[in-house]
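Engineer: Below, each chain spelled out in residue letters.
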Amino acid sequence: MERMPRWADVFLVPFINLLLAFFVSGLVVLAVGEDPLKAVWIMLKGSLGSTAGLGYTLYYATNYIFTGLAVAVAFHARLFNIGGEGQATIAGVGVALALLAVNWPHWMLALPFAIIGAGAFGAFWASIPAYLQAKRGSHIVITTIMFNFIAAAVMGYLLNGPLKSPKTQNAESLPFPPGTHLPTAHELLAPLGIEFSKSAPLNVSFLLALLCAVLVFLLLWRTRLGYAIRAFGQSESAARYAGISSVKIIMITMLISGALAGMLAINVVMGEQGRLIKEFVEGAGFVGIAVALMGRSHPFGIVLAAILFGMLTQGGFELLWEMPNLSKEMVLVIQALIILFTGALDNMVRAPLERLFLYLNRKKRAA
Amino acid sequence: MGSNAAEGRQATAASSTPPAIELRGISKAFGPVQANKDISLSVRKGAIHGIVGENGAGKSTLMSILYGFYKADAGEIFINGEQVHIHNSQDAIAAGIGMVFQHFKLVENFTVLENVILGAEEGAMLRPSLAKARELLGRLAEEYELSVDPDALIEDLTVGHQQRVEILKALYRKADILILDEPTGVLTPSEADHLFRILRNLRDEGKTIILITHKLREIMEITDTVSVMRRGEMTATVETASTSPEELAELMVGRKVLLQVEKKPAEPRDVVLEIEDLKVTDENGVERLKGISLQVRAGEILGIAGVSGNGQSELLEVLGGYRTASGSIRLNGRALDLSGRHSDGQSRRAAGIAHVPEDRQREGLIMEFAAWENIAFGYHNDPRYNRNALFMDNAALRADTREKMERFDVRPPIPELAARNFSGGNQQKIVLAREIERNPDLLLVGQPTRGVDIGAIEFIHKRIIELRDQGKAILLVSVELEEILSLSDRIAVMFDGRIMGERLPHETDEKELGLLMAGMQNGEAA
Amino acid sequence: MEHSQEFILFLVTLNQMITVSVVLIFAGLAGLFSERSGIFDIGLEGKMLISAFFAAAVSYETGNVWIGMLGGIAASMVFAVIHGVTSITFRGNQLISGVALNFLASGLTVVLGNAWYQKGGQTPALSGAARFHPIELPFADALRDVPLLGPIYADVISGHKPLVYVAFALVPLTWWILFRTRFGLRLRAVGENPASVDTAGISVIRLRFAAVLIAGVLCGMAGAYLSTSQGAAFGREMTAGRGYIALAALIFAKWRPWYLLMATLLFGLLEAISNLFPNIDVFGLFTIPVQFTQALPYILTVVILAGFVGKAVPPRAGGEPYVKER
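Chains as they are written, first to last, in my numbering: chain A, 1 to 367; chain B, 1 to 526; chain C, 1 to 326.
Just so you know, not all the hints are guaranteed correct.
[Claimed, not checked] Subject to a maximum C-alpha distance of 20 Å in a straight line, what follows is the list of computed EDC-like cross-link-like pairs (lysine to aspartate or glutamate):
#1 264(B) <-> 466(B)
#2 174(B) <-> 233(B)
#3 174(B) <-> 155(B)
#4 248(A) <-> 108(B)
#5 324(C) <-> 108(B)
#6 290(B) <-> 267(B)
#7 324(C) <-> 145(B)
#8 254(C) <-> 182(B)
#9 511(B) <-> 496(B)
#10 254(C) <-> 155(B)
#11 215(B) <-> 233(B)
#12 215(B) <-> 204(B)
#13 132(B) <-> 149(B)
#14 364(A) <-> 354(A)
#15 278(A) <-> 237(C)
#16 135(A) <-> 233(B)
#17 38(A) <-> 354(A)
#18 263(B) <-> 22(B)
#19 290(B) <-> 277(B)
#20 135(A) <-> 283(B)
#21 328(A) <-> 237(C)
#22 135(A) <-> 344(B)
#23 119(C) <-> 322(A)
#24 248(A) <-> 382(B)
#25 279(B) <-> 496(B)
#26 324(C) <-> 73(B)
#27 462(B) <-> 382(B)
#28 324(C) <-> 182(B)
#29 45(A) <-> 195(A)
#30 511(B) <-> 91(B)
[What the hints assert, rightly or not] Just the calculated beta-carbon pair ranges, DEER-fashion:
#31 174(B) <-> 273(C): 55 to 63 Å
#32 381(B) <-> 351(A): 36 to 44 Å
#33 273(C) <-> 135(A): 26 to 34 Å
Hints were generated in silico from the structure; no laboratory data involved. No residue lacks a Cβ here, since even glycine has one placed at the ideal position from N, Cα and C.
Next comes chain A alone, as it looks inside the complex:
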């Protein structure tokens, strides 16, 4: 017998977790002397109240869809990939190399190669921890963390050395050729007669993110590989019995995960910056953990959660202007609390709810 109806499991529990996280965040806002309800209003207005705000919200959401999917795919194989940050960082190098190699005439030509560059480099950076987990049993959580630090060092070296633009003092690469510019929402929607903010960085990568979400869904629930990944994640001993190779699953899953995290570089490096800069990932790799947890590792949930976190990030910047006592790190606090409540304190909400539903069921049957 099921303990809880499905809707409660999929929607009610995460919703209550989210409310709790927001409630505690509200207490923090109160503690620094600001009005939490006003803060919510500012964030809502800032993230959805104008096409510029919406453009930024969806731009951040694009990043979070990529990193959220990356974490989720790994979760399904019971692998905890904390290395999205480093994988996206290294993927930026792949994008830069692809875009600087040729004087691209048109973005449609450049994009496939940029995607290959981002995917290959991101996957590569995930492959080493994956190999060490699969073959040597090194805990992938710790190794991926270490690889984040190593990635930052590699990036620092490249942008102060081989990839550094001779034209500026800053640690950044040469600008990409103009032909690599990805159309923004403004440029895409103008022909349709829809007025969208020119300043917002939202670009075609958002569509790529949605496509990735669909592909991940198909992969996990419609293909043999996805079947094997989920089976392995549920029970390693059963997978062994069925002849599903753990090495193969760990490697393939992490390669896919790393490549997905790498797609973030398409949105930021190619779509927004037009050159490679040092810390372009800005914690999106970690936000992916919260997004995956919140979205129950399902692509549909991840898209929703990513948009929510996009609103938080964009709204957080708005807070800076209107509430001097709040910093944008408030968003980090909210994210941490969401991870805590949805990821680690799930049972706190789930257990009483299960009892409630059991009680209701009994009553119904008695009646």
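With chain A fixed as given, assemble chains B and C onto it according to the hints.
Structural biologist: Just chains B and C now, kept in the frame of chain A:
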């Protein structure tokens, strides 16, 4: 119902001294499952009392309540005539109760001494406690034939010695009442005999012992009184001397059991499986299989008998493709790879081997997957289940599952239900349906009826024999001697990674097989 | 007594090594207590960070570094309690709980720091009684002239701040607690097989909470050391991954106190070298870039984790919430 017959001979406690243990009206439910229903029991001091019942009858739950592991929903407990309230193990220990669990609760990389004092230390420092325990262990060793090296690490001890440590733990805590949960399941017959000697010694010293088991032979051999449990209820309590195994079996099951499965004589044909000098060394460098050779022909069931842990699991794992080995295995004359890329479950399935694993929850099924997903498990690459090179055909899978559920009488017949929501018997039927309907040349079956209810057991046995009659080769591994005797056409006994001998079921009996299982060849003295 | 340039450089490096190892020792011991009890703790980083912030803030406000340290420890304990509630009481995922606490610390320290001091997340500089000062060990000056050992005693061992000596004293103390006391026996047992402890009538929950709280205290000291002893203010992200390095040292040490001391000193030495000699010129052939030196501890950690240097077997019940079963 047999309980009426037993009522007339209800064992009564001696009126002079209060019973060591008295339970009144104990009930316990786990969610919708009523594990114990209004149970009352009285055990006199200085007796060995047996509790028998099938898997899931509620024996272990009852004892766990007595030991404070679970809290009863209702009921009272009296020890030596006084009511006690047991909220946790500490209370049980204080009341003089000690328990030896089926799965030992020992710290593997601690010494015997450290395990014995754990939780019963004398003070904040370890040294005095260790010294005291060492002295006591020395005394107990002589008194009760309970000798163990106090400085040995648990992981280096045999299972029998580990069990002694558990008993020593209880005695160190001054237990007067000792509960043993299925203590002989992991022991060789000679180890079991030694255990029984210890238990008799303890009884003679005035200790009260409760023995939980499903083996009637043990009940008859060692207990003074016996209670029978069935589906959470206590159906009878009688003096052991006044009952018989047949009566107890009837009380346990609730009706006469057909111990003999009906089957035609086997018609063995060509050799399907040929194993020669198979050797396995495990991760820790321990040799698990020490040169096994055997054959299975088409149209016969070879039963492998043995106490669990003597290499049967490893044999199945090698044949199933997920353990490397040396030696040779031929299937229909063709050699199978024993290591490397082609020694995985997929290659074995492709070669015509199907496998009902010993542990369906850990291996045979993905408990969180729906039944229809489990039907493809291991065969997910089969073209029948795949629409094209990329996508699986979930609709075909569901349809196939529905048909298999019908043919194998899986209840409820809902393909969308997750495996964990089926009962043990129905889970096993799902696995069996998946493996048998592959129409394999060789079927490996491990513990086919472990944790399965009586009705399903008959069904499963019938299906296995049907497959044999279709001319398939079957290798059956079971720790249940009865199952081996009634299903097999030939019996091989394993002990310590070796085949001790082969017998024909009608030319042998439990006694002879038991000796072989204990590592004794014909003619050798015990 | 005159010493060669190399010898002085050697002494300076050793001195630095000790200074930077202390954080790792505290944090490593914290992890040791927690993980020996079966609770994974990747939140060492976050606990240290929140403690560093509160230690600096309370020191600044009260002008007393000891009260400041208590403030830091209290903050770290709050985080430890959260970790205990999630992973022990509610049997949540210990890794995710640790990750969440690390983020919470990085966010909260900046949010609160900004709101209180408006310095971009930094606390004001500490001086006087608001920070720790070096202690001269007895006879340091008198013994300085003893060949070889004299300067080592005077310049490497003596002259550190009090918490340094506390950290080094904690190593034998931890060993003694683990292997000679009842509490230690139970703690090790609960990390190996909690059922053995439970059936012996001892509360698994209480033991594990005790271990997690001890980890809280030790991380609190580590954080306080960072901001009031090694440094003189809190700076954002000032732990800079040391919690993870401590975790790696713990794995390297196979969860044993004395090995942990060796491992933390080794990693401390690496950090000291990368601080003192940023660009290392290799025989004039090529220069090792500073980024490589900085990344070396992480690279070494991966090498260690890969098991190329011995096999580390963690406590057997580590990371798994305890559920009673028959």
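Engineer: Hint by hint, say whether it matches the structure.
Structural biologist: Here is how each hint holds up against the structure:
For the proposed pair residue 264(B) and residue 466(B), the alpha carbon gap of about 10 Å is at most 20 Å, so the pair holds. A threshold of 20 Å between alpha carbons decides the hint, and for residue 174(B) with residue 233(B) the separation of about 31 Å lies outside it, so the pair is violated. Annotation: proposed proximity of residue 174(B) to residue 155(B) is violated, straight-line Cα distance about 25 Å (limit 20 Å). With a C-alpha separation of about 33 Å, the suggested pairing of residue 248(A) with residue 108(B) is violated against the 20 Å cut-off.
Annotation: proposed proximity of residue 324(C) to residue 108(B) holds, straight-line Cα distance about 18 Å (limit 20 Å). Note on residue 290(B) and residue 267(B): the hinted pairing is violated, with a Cα-Cα distance of about 31 Å set against a maximum of 20 Å. Distance restraint check for residue 324(C) and residue 145(B): the Cα-Cα separation of roughly 32 Å exceeds the 20 Å cut-off, and the hinted pair is therefore not satisfied. Among the hinted pairs, residue 254(C) with residue 182(B) is inconsistent with the structure: their alpha-carbon atoms are about 37 Å apart, more than 20 Å.
With a C-alpha separation of about 19 Å, the suggested pair residue 511(B) and residue 496(B) falls inside the 20 Å cut-off, and the hint holds. Proposed proximity of residue 254(C) and residue 155(B) is supported: the alpha carbons are some 19 Å apart, at most 20 Å. Taken as a hint, the residue 215(B) and residue 233(B) pair is honoured in the structure, with Cα atoms around 19 Å apart against an allowance of 20 Å. Simply put, residue 215(B) and residue 204(B) have alpha-carbon atoms about 23 Å apart, too far for the 20 Å limit, and the pair is violated.
For the given pair, residue 132(B) sits about 15 Å from residue 149(B) by alpha-carbon distance, which is consistent with the 20 Å threshold. Between the alpha carbons of residue 364(A) and residue 354(A) the distance comes to roughly 15 Å, so the proposed pair stays at or under 20 Å and holds. As the CA atoms of residue 278(A) and residue 237(C) are separated by approximately 17 Å, the hinted pair is consistent with the 20 Å bound. The suggested pairing of residue 135(A) with residue 233(B) is violated, with an alpha-carbon distance near 51 Å, which exceeds 20 Å.
With a C-alpha separation of about 35 Å, the suggested pair residue 38(A) and residue 354(A) falls outside the 20 Å cut-off, and the hint is violated. With a CA separation close to 47 Å, the supplied pair residue 263(B) and residue 22(B) exceeds the 20 Å bound. Between residue 290(B) and residue 277(B) the alpha-carbon distance is near 8 Å, which keeps this suggested pair within the 20 Å criterion. A C-alpha spacing of about 15 Å is found between residue 135(A) and residue 283(B), which places the hinted pair at or below 20 Å, so the restraint holds.
At most 20 Å may separate the alpha-carbon atoms for a hinted pair to count; residue 328(A) and residue 237(C) meet this at roughly 15 Å. At most 20 Å may separate the alpha-carbon atoms for a hinted pair to count; residue 135(A) and residue 344(B) meet this at roughly 17 Å. For a cut-off of 20 Å, the pair hint linking residue 119(C) to residue 322(A) stands: about 18 Å separates their Cα positions. Using a Cα cut-off of 20 Å, the hinted pair residue 248(A) and residue 382(B) holds, with the two alpha carbons roughly 19 Å apart.
Taking the CA atoms of residue 279(B) and residue 496(B), the gap is near 12 Å; set against the 20 Å cutoff, the hint holds. As the CA atoms of residue 324(C) and residue 73(B) are separated by approximately 17 Å, the hinted pair is consistent with the 20 Å bound. Proposed proximity of residue 462(B) and residue 382(B) is contradicted: the alpha carbons are some 27 Å apart, above 20 Å. The straight-line distance between the Cα atoms of residue 324(C) and residue 182(B) is roughly 19 Å, inside the 20 Å bound, and the hint therefore holds.
Simply put, residue 45(A) and residue 195(A) have alpha-carbon atoms about 19 Å apart, close enough for the 20 Å limit, and the pair holds. Distance check on the hinted pair: residue 511(B) and residue 91(B) sit about 42 Å apart at the alpha-carbon level, beyond 20 Å; violated. Distance hint for residue 174(B) and residue 273(C): a CB-CB separation of about 60 Å, consistent with the stated range 55 to 63 Å. Checked against the given bound of 36 to 44 Å, the beta carbons of residue 381(B) and residue 351(A), roughly 39 Å apart, stay inside it.
At about 31 Å, the beta-carbon gap between residue 273(C) and residue 135(A) stays in the expected band of 26 to 34 Å.
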